[in-house]
Amino acid sequence: MRRHHTALLALAALLLMGTSHTRRVGDDPLVVVVSAASSLREMSQSQVTNIFLGRYKRLPSGERAFPADSATEKARFYRELVGKTPGEISAYWARLIYSGRTVPPEQISSPDQVIEWVEQTPGAIAYVPLAAADHRVRVVFELGKADD
Amino acid sequence: MPDRASACRHFMIACALALASSFALAEGFSLRPGLFGTLGVNWHANDDLSYRRSAAQYGGARGGTLDASVDSLLGVQLNARFTDALDAVGQVVARQQPNGGWHPQTTLAFVRVEPAPGLQLRFGRLGLDSVPGADSRLVGYALPTIRPVPEVFAALSVDFIDGADITYRFDRGDNLFQLKAYTGEHDSRTYIDGAPFDLYDIRSTGVTASWFRDGWEARVGAGTGKFLDNGDSQLLVDLLASLPLPSSVAAARALDSTGARSHFHHLELHYDEGPWDLLAGYVRLINPRRTPHLPRQRMFHAQAAYRMGRFTPYLTWARIRTEAARLDTGLAGSPPFALLDSFAQAWLQAAQFNQRTLSAGVRFDLRPGIALKAQVDRIVAGRSVILLDERNFDSTARRTTLFSLALDFAF
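Line by line, the protein sequences are chains A and U.
Letter by letter, the first sequence follows residues 1351 to 1498 in my numbering.
Letter by letter, the second sequence follows residues 343 to 753 in my numbering.
In isolation and in its complexed conformation, chain U is listed as follows (with noise of 0.2 Å):
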């Protein structure tokens, strides 16, 4: 299923690249380089801990010690105009991966056609315009602060869909309306105490709804993943249904992700006008079918920025919390299975995040297409996926306050 997928998703992208270049020889063609980037670095005092912005970052920041590898990034992007109603977009972007190496990714492929003024459809690889910010997250200059909140956008490890979107936008008197629906497949790679994971293929499919008015921005949507297989956990759930045992089998059933559904609503008001700019957002996960290892989650942020001239200090809060999860695989006392039950338990563990985020910053802008940024982030977690122990697993019941400088830039 995964190559099936994935031959699919390689089949879109290059059908969206083939009915570009067939207009490139158009009038009117035009194209447009784009390069963005931030260099950043972070400290903290903790020894036996490491920071890094997402479950899809191998390591992360080690204390005591400054590392430039949790926020630097470089993205370079060419738009191709063909009409005024086709063009095409490509992106790649170098950064960490989950398997530590730096190879540049492809993140946006795909072709747009505007058939009326405020329609717009999209074909190709998107960014997953799912809560206000995903698709732009990589953007560092585009952020009042150094990085997306990490409560919302550390878990989402996924930055893309290949797939389609439809946007429609209207007016009524001085209100601005938007409706968009998307559906995609993505895989999903992540670092997992202490090894690179790929975790599910899924199919995401939402609407969203927007309302603008001068500075005011409203936004509510829904979303549900479908995930089509189990990736690397389908040795485990394999492995607990071959053993005679009822319970074993009811925890492979409970683990197998195949067809399950994840569901999320998010709710988000945002107003940037003059020297404010504040935001404050909900986010919801639940999971009907109750599987431990996708449990129910709950995401609360809020940001208030204030411009000075060419500064503008920022404070942002941000707190995740995650139902607790259970599984009984009746092999914990059998000495045999004991190390399964334990790869049973952590795969459940992973899942888990709760923590909160006090960050405070300011951003000052050098010029336009360049700002210098400092941040501080009072990190409290009773389980995180951000903080990893010696053992690069994630950690427990920790605190630490993390010291960020990055230079953003986007021309």
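For reference, chain A alone in the conformation it holds in the complex (with noise of 0.2 Å):
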């Protein structure tokens, strides 16, 4: 009895580890922008995972929508936002593009470049660390934000 008692709790540590997205302590907290100009206020966690994985190509604003990743915080997005590591992402995106579903999101090198590129693109979503969002950007999700 005791040994199934301790096989139960083994199994739940284990479905705890794997099911929890929190961030590290100590992490500027990623945040998902759109333009200042943009009318789109808050996004729910399932809409910015619907627009991040290619499922929908419509903010709730109403506006086509053009995701961007950031080539440095790409890896800590996705896992905070689906638990998923980079080779997961990127068997996930290769399951949409040579099946010819979709196309992946622009890939931007810099936080800088990224918020420069949201201000100029009609539609553009991206993510930052919460301290590179300036008032060229407006925040409308904070990931780990549920979370806490």
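Think of the hints as simulated: they come from the structure by calculation, not from any bench.
By construction, the Cβ of each residue, glycine as well, lies at the ideal position given by its N, Cα and C atoms.
Treat the hints with caution; some may be incorrect.
As the list claims (entries may be wrong) - Per the computed footprint, the stretches of chain U lying under chain A, defined by three or more beta-carbons under 8 Å from a beta-carbon of chain A, are:
hint, stretch
1, 411–422
2, 550–557
3, 615–621
4, 708–720
From the two separate chains plus the hints, produce the assembled complex.
Dropping the structure here:
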């Protein structure tokens, strides 16, 4: 009987470890941003997930969505958003790209370039560390906030 | 009829490519090349058996030898983006064909138009997006396993259709819904009982409805395949019809696929979030006209994968059951015509696929874009289209354990 309890506790611990997407203490939180000129005010985690996983191309404001990945924050973003590693995200997109279903988000190298691109592109949506979000963009979702 | 259908398909593809090229000089034009493939080897101990992953493959992995022909393939793709709402995709894949050759085959060639966010139309050669994974089955890197479960995909030798589809997505709160309809024609080449066959030209039409929320996806769908001709079995049908025996004429009518319809419906539930990747599905194939060589089939499949760092161990289980079929040509006891009866019975038996497979394996992600996999399959078959006997005929009542290694990549 005790063995069964130990096994159940171990399984529960494994599941908790696997499904928690909490961010590390001390990290500047990642935020999802759109242009400051956009009428969009906020988004839910599900809406952000649908846009960045290529499932949906329309922002809640009705505009066509143009998502972009930031090379420096990409691994952390997908780990916190859907609990996936870069390898899993790469495999996920391989399925969509090579079945001809859709194309992946724009790839941008740095947060500064991300901010510039979001400001200049109607419908653009991307993610940056909170500290990098300035007056040119509007924060519509903060990762990890729902877990706090 | 096959020539006309083929000409129509090529005309459609040409129109799609011409339309695409006319936009090639538009502002914002970009090209994105891609490469994917698998280098795979298989081994099993049964000297009198060959293993193949699909009925469209020639030969297979012989027992006691390492074979690299079953899972290996190479694909190249070019995405051309003309505007935000218009792009085109071309894809060519080299893999083992039913005649044993490795000549490249065009697997995608379409133009995509998005007149509004959430609405997408595609024209040309498209991946057959019926059951989940059907349109990406060749992309090993995208799968947790080395290959899709054979019980669902081995007999379905159709990868693409020449036609059109329309997809509409909309959200309600956190729930995202997708409605999709597709129609198109395809031929079906396979390798049966030691010879390559052109099966039938088929027009497939179907609808699917999907729901997404966070890591969850549920899909239901239904479709119809209308058989436009008899392919290489036309000679058999003609010979049976020419004999002055009511039973052989009735058998010819039963084997005549022209105009017959085969319906299928399916249901899948997929959870893919965090380290878990769980999938379960059910597919059912029915033929209202009860044509004996297009029997009813039921397929069940389930998959569980759990990522631990760069390792992802997985388990899959799948089963296919096919309704037994009988055909009385009245020729079995007539020596001059017994050979004709044996051909007819062989044609019937080629559609019989009763098998279950339990697979266990592990995926190791070397880096994004490259994965190494090892897999063991325990296959138990009543009659199988993927286990061939020494004559390269479908085997009956066999069991084997298959060991596989694969290096998958996608860039």
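Give me the numbers of the hints this structure contradicts, sorted from smallest to largest. Checked against the structure, no hint fails, so every one of them is satisfied.
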